[in-house]
Structures are given as C-alpha cells and as structure tokens.
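Construct all of the structure, not just a fragment, from the sequences and the given hints.
Letter by letter, the sequence shown follows residues 45 to 134 of my numbering.
None of these hints come from the bench; they were simulated from the model. Please note that the accuracy of each hint is not assured.
To be verified - Straight-line distance between alpha carbons at most 30 Å, and here's what the computed DSSO-like set of lysine-lysine pairs gives: (1) LYS67 to LYS98; (2) LYS84 to LYS98; (3) LYS67 to LYS96.
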Amino acid sequence: MLVYGKTNHESADNYSCVIYRHKGWRIIECRDGIQWIIQKRANCGVRGAEWKSKSYCTTREALNRVWRTHTGALGNMFDHLPERIGSTDE
Numbered sequence: 045m046l047v048y049g050k051t052n053h054e055s056a057d058n059y060s061c062v063i064y065r066h067k068g069w070r071i072i073e074c075r076d077g078i079q080w081i082i083q084k085r086a087n088c089g090v091r092g093a094e095w096k097s098k099s100y101c102t103t104r105e106a107l108n109r110v111w112r113t114h115t116g117a118l119g120n121m122f123d124h125l126p127e128r129i130g131s132t133d134e
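Following this line, the structure appears as structure tokens:
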C-alpha cells in the first residue's frame, strides 16, 4: 500500500524537514540535524519529483551566500535560522 505523507528520504519531494522552497530549489535540514542542504529539483520520473543535493552548510552566513550563488536571490532570507545549525543561540 502506498502511503502519502512525510518521509525521511532527503531526496524525496515529501521530505519532512524542508526549510524553504523557491521555484526549482529548496533547503532542507539533514535527517541528522547537522547541516542544511541546498537542493535542486530533478526531472520527475516514475517515483515523482526527486531532489539533488548541491551544497551543504552548517552556518547561516554560508547558507545565505551559497543560496545566492545558486539561485541569484538577494537578501538575507534566512535570518530566522540560528547562526549555526543545531545551536539554540540566535
């Protein structure tokens, strides 16, 4: 039986820890909670959309910089995230 819902497969379209989506790009928190991953949507196949990882970041500063490099988006879009993933300090 096929179950629709969230999954822990990082490349799945319905991954449970998506932080942000914009057009064909998204940012997820890895399943171990140690890094943010910037992913690009791949062609849809038999299993549906899949996401390919392009960059891995552990700091908000790096995430903003690399996101801009990949997508061309301007601004610090992720100021709500902690300075370092896994940190409770802002």
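Index of numbered hints that the structure contradicts, given in increasing order = none
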